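There are 2 protein chains.
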Amino acid sequence: MSSEKVTVVEKIMDANDQVALTNRRILDQAGVFSLNIMASPGAGKTSVILQTIKALAPEIRIGVIEGDTAPVTIDADKVIAAGMPALQINTAGSCHLDAVMLSRGLESFPLSDIDLLIVENVGNLICPASFKLGTHANVVIASIPEGDDKPYKYPTIYRGLDVLIMNKIDLLPYIRFNKEYFLKGIEMLNPGLTTFQVSCETGEGIAEWAEWLRARVKEQKAK
Amino acid sequence: MSSEKVTVVEKIMDANDQVALTNRRILDQAGVFSLNIMASPGAGKTSVILQTIKALAPEIRIGVIEGDTAPVTIDADKVIAAGMPALQINTAGSCHLDAVMLSRGLESFPLSDIDLLIVENVGNLICPASFKLGTHANVVIASIPEGDDKPYKYPTIYRGLDVLIMNKIDLLPYIRFNKEYFLKGIEMLNPGLTTFQVSCETGEGIAEWAEWLRARVKEQKAK
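Quick note, the sequences are listed as chains A and B, same order.
Position 171 (the first sequence) corresponds to 155 in the numbering used here; numbering is contiguous.
Position 63 (the second sequence) corresponds to 47 in the numbering used here; numbering is contiguous.
Hints were generated in silico from the structure; no laboratory data involved.
Keep in mind that the hints are not guaranteed to be accurate.
The list treats identical chains as interchangeable, and a pair is accepted whether it falls inside one copy or across any two copies.
[Unchecked claim] 27 Å max Cα-Cα, derived DSS-like pairs, lysine-lysine:
1) K(-5) <-> K116
2) K116 <-> K62
3) K62 <-> K168
4) K163 <-> K62
5) K205 <-> K(-5)
6) K202 <-> K163
7) K(-5) <-> K168
Computed from a prediction, not measured in an experiment: that's the story for all the values here.
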């Protein structure tokens, strides 16, 4: 790769990071704590969001921004049905959200009416890792049926995250999944990472995750 | 988007498609039938490949090219352990294979020793759809635990495929999955699509898939 090409790439990343900083400032000024939830398609991002709403609302007022590669509003509709404000960002085929897309979403979002903003990124275990959004915490949801080797095969997204949620643990009896091997891969990339093991079907583990999130929202309010 | 930008994108796609045509010619000259297998991370691409080897080898000689976003050779090692030639293309963080990457792989691959080449694309339900490789058939593996709404949410990859494999059907009793709704989405995008329902754990459905593949390999040899 020529040095010219490298410079261009660096400039694109700089521009994204600048907008991410502005997004963070807007969220901080509104006193809103925010998450960027990333995962493969079907890992349970929307299900975790719906369970989080069930556990924390109305005590904590939650808003959701949905990143989708197609214009269907299946996920946003579910959040609205749960009584929360939701907005869809249709990436028109693009494989990730970036800070500019989020900044446009924030412009029209009723931030003064919420305490917690959850951004659901596009279902993809590769590209979203490369674009900061300006949110306060990166959350990856690992789905048990995806297998225990994912941290080894997709290290970029599993590195530098703030919270890991292992979802669909109700399926553990029916699947060959070596939890020790999986967690060893996670620990290698993120020593001491905050990890929750949950099932959105049975509700197991959701209370612990909600407790962690409640504390972050309170900290943000106290700032 | 300015018309200048559109032109540049079109030229990149043209270049990829040109190399894809060359790849197809090389495969045809070698009498090798080839698949491009695409799916989310953990949908069972490597498991389907290993089951296919078990069902068809040594009658049909199979080679595998593994696309991985990280340099770990977990999947290629499994294929080699099954006694087949395998080569890994490390995309160095990139989210898909393209025709140029495959053409480099083909240069060093022992095509005269095989009848069937299986290319396992990077685990991603978005980006691989945009890059033709030059292979004869596009196969998407849908994993039951990913949920029944995926054709609606990721229409680009579910459109224009040649075969759909529904994997992990052994988990159907434990998961809410509306097969009718899923297949309606598939039918909308690909009327009359060839579809196999399989389990790599129990072996169910593998024989039917292997039969379809055996016929394609024979047709290619007869050309």
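Hints that the structure is at odds with (numbers, increasing):
5, 6, 7
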